[in-house]
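Please put together the full structure from these sequences, using the hints given.
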Amino acid sequence: MVFDAVSARPMFGRGLNVWSASLAATTLLAAGMVPAIPAVAGPAPGGTGPGATVTALAAQPVPSTVLIPANELPTAAQVVALAGSVVFVQVAGESGPQVLWREQDGGEWSSVWGGTELAGELIAAEGDVVQLRQGEDEILTWTRDGGGSRTVPDGTTLGRGARYVGYLDSKGFTALQAVTAAGDLPMPIQKAGRGEDGIVIVGDRVVSLSGTFAHVYDIPTARGVVSEYVCPDADRYDTSLAGAGTRMIFASCGASGGIGVADHGDVYARLTPAGSLDRGFVAGETFALGLSTATGDLTVVPALSAPGDGTNGTLGAATSFDLGDDATTVGFIDAVGDVRRADLSGWSSEPATEIIDTTPPSATYPEIDGEWANFVLIERSYRVSTEGGDAGTYPFRSSGLVGGELRYRQKLAGQSSFGAFVIAGSLSASATHPAGSSNCWSSRLVDGAGNWSGWGPEECVTIDGTRPVVSTTALPARVRATSTSTPVTFKYAATDNGKVAGYDVRYRKDKGGTKIGSWVYPASGTGVTARSFTVGTAKSYRVCFSVRARDTVGNTTSWSPSRCTFVDGVAPRVTKAELPERWLPTISDGLLKWNPRFTYAASDDQRVASYQVQTRTAGMFGRLSARPTTYGWSTSRSTTSGGLNPGDQTCLRVRAKDTVGNVSGWSAWRCVNAPFMNGRGHINGANHGIFAFSVHPNEPASTARNVAVRAVRVKVQAGPGYGAMKVYAGSEYLGTVSAYSKSSGTKWATLTTRSGTVKSTKVRFVATSSRAVKVKAVYFAR
1 MVFDAVSARP MFGRGLNVWS ASLAATTLLA AGMVPAIPAV AGPAPGGTGP GATVTALAAQ
61 PVPSTVLIPA NELPTAAQVV ALAGSVVFVQ VAGESGPQVL WREQDGGEWS SVWGGTELAG
121 ELIAAEGDVV QLRQGEDEIL TWTRDGGGSR TVPDGTTLGR GARYVGYLDS KGFTALQAVT
181 AAGDLPMPIQ KAGRGEDGIV IVGDRVVSLS GTFAHVYDIP TARGVVSEYV CPDADRYDTS
241 LAGAGTRMIF ASCGASGGIG VADHGDVYAR LTPAGSLDRG FVAGETFALG LSTATGDLTV
301 VPALSAPGDG TNGTLGAATS FDLGDDATTV GFIDAVGDVR RADLSGWSSE PATEIIDTTP
361 PSATYPEIDG EWANFVLIER SYRVSTEGGD AGTYPFRSSG LVGGELRYRQ KLAGQSSFGA
421 FVIAGSLSAS ATHPAGSSNC WSSRLVDGAG NWSGWGPEEC VTIDGTRPVV STTALPARVR
481 ATSTSTPVTF KYAATDNGKV AGYDVRYRKD KGGTKIGSWV YPASGTGVTA RSFTVGTAKS
541 YRVCFSVRAR DTVGNTTSWS PSRCTFVDGV APRVTKAELP ERWLPTISDG LLKWNPRFTY
601 AASDDQRVAS YQVQTRTAGM FGRLSARPTT YGWSTSRSTT SGGLNPGDQT CLRVRAKDTV
661 GNVSGWSAWR CVNAPFMNGR GHINGANHGI FAFSVHPNEP ASTARNVAVR AVRVKVQAGP
721 GYGAMKVYAG SEYLGTVSAY SKSSGTKWAT LTTRSGTVKS TKVRFVATSS RAVKVKAVYF
781 AR
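Per this note's numbering, residue 1 is the first one in the sequence shown, and the count goes up by one each step.
Treat the hints with caution; some may be incorrect.
Straight line, CA to CA, 25 Å or less: simulated DSS-like cross-link-like pairs of lysine-lysine [to be verified]:
1) 747 x 774
2) 774 x 593
3) 762 x 774
Read the hints as simulated data drawn from the structure, not as lab findings.
Below, the structure written as structure tokens:
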């Protein structure tokens, strides 16, 4: 990566946004540190122990040699970059910036790289790849495989090792490409986190930063290597990624300074404010290189160790600088314009990594894994696991948790005190405890260095000891028999402070209300989850049910009170179906209307619930209706015929239904007739009265029109002065009615057609003697 100190911007990717002149301090921290640890917690270089006072570090001059004298270049050097054995220099040309290159050890200058003219601004150089800006475009040019070049998205970062380039897509996620291929690699890099605060590529790894969180991602395997907080939460809106090596990540963290995080290794360290660098520094393996905020000089600040006395290194004033591909050689342009080179390998030495951790872990509340309801565990078996953390002893990372012990003490239901502690496992344990018991767990932990914590706080769990409550036991009092084995369904439910697990159902039967049988405990009704149970029962049997419920812990209710039903297979029997009289009198309510009442009754082995009535009606001249009129079920035990006019006939029948739906057969039809009306010309050739008429010798009487008739019922005045008459239905002679009697009174006669069927014809009355017949009423039965 190259840095142009004149324009105060880094040259390894403008999309990284790594420049801010207001940065006051740079702090470097390895992976084991978290932002919550104060910056003064533990010794820093220059201190003598935990909490030691921070002292300023002296700057140790770093030897450098002139790589390119200023007078060897056509114009002043503006930007320098090292790549392998080559040095690249940007100078001012006639038509804009021009990039030249030669071997670092000497040789001829050239402006062509991989067959491409190096015109434009120098952004970066790694291996055989040069990144330039030409107008609005950024391009890569390389020498491998015969050379080539291509345009890359704006803000593209060239990775160390020159195998990959990366950029941020429109949503702020990292996208990667091979240097020589334009298409994005098919990798779920987005899972590594957003990278809007910077990305850096080092070999086969990409580092992305979003806010305070950095992700290291292995490109070939598409797997995450490590994710770490690199800045305090307070700086999440003012962070930027400065650089990374194969071991450490360096970020600028707003006013809090920079933080370095080791992505592997055991040692962490911090720099004092005296080591502050302007935002835009670059990263070696274990050091940061940038412009000092105190002097403006190019300064190397070690993160893990320093050569000699641990001071910073100074290279003097510089206008542009770049680390070579080995991340230990720096090329820079000094104050007089010479391009210089320095070896920083002394600041890359690895410190001892033997873990010296004397800080014990800290145990917190154990975690209890089970199903809870209303603050109790609704299962007897559950799992417990340890909770806690481990901290390192500065300057070493945590050695990590490696084991521990779990213990519990128990108080059984009904007891007032806990028993002794029982050791039950290491980092996790399975337990099965009695219903209603209270169990309190605690743990202690040991880290990889053998440091044991004390026993942590207790987490208590109570196993559900409350029985369910059977809340519903529904069953009809009677059911209708539908077969030889009628299904009877018992419905039930229960509630619990936890969860109802199942039910047990039992039943017993008796025949017709005799002695009840013993309880039957069917296998199909044991431990069921269904909330109904069906038993096939013969008719006239009583069946009784009872249920109990069990929750997930095993708490079981008592058997519920017995609920019974009777399987009713006997239909009711109609015992009464009556009309007050068959032949209604000629005297009505004065409106020529009759309202006879039909009364009925039935009996049943249990109880009659309702009745249903059917009627058939005929008008003065017509037949009975072919289809009966059926009325709805009613509890009434009587009904009126609905009002009869003169000459009408109404027939009624009834059936009964019991409480479960058994229905009786229909009763026999019961019929009632109103007298035929003589008035209004309905009977011809007779003295007219409303209902009465006389039949005189040689003066027959007949209906004015055809009437439906099966039988003729007549009422005549009887006495010594009356004669006889013949009755015809059309041409059919029905019979003779004699009105003669020694004493006065009335006579009734019913004359039926020979076939007994209804015919529609005129009915005639013909006197057979010299004396008349006085007809008091006539009825036509259908």
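Original post:
Any hints this thing doesn't respect? Which numbers, in order?
Top reply: none
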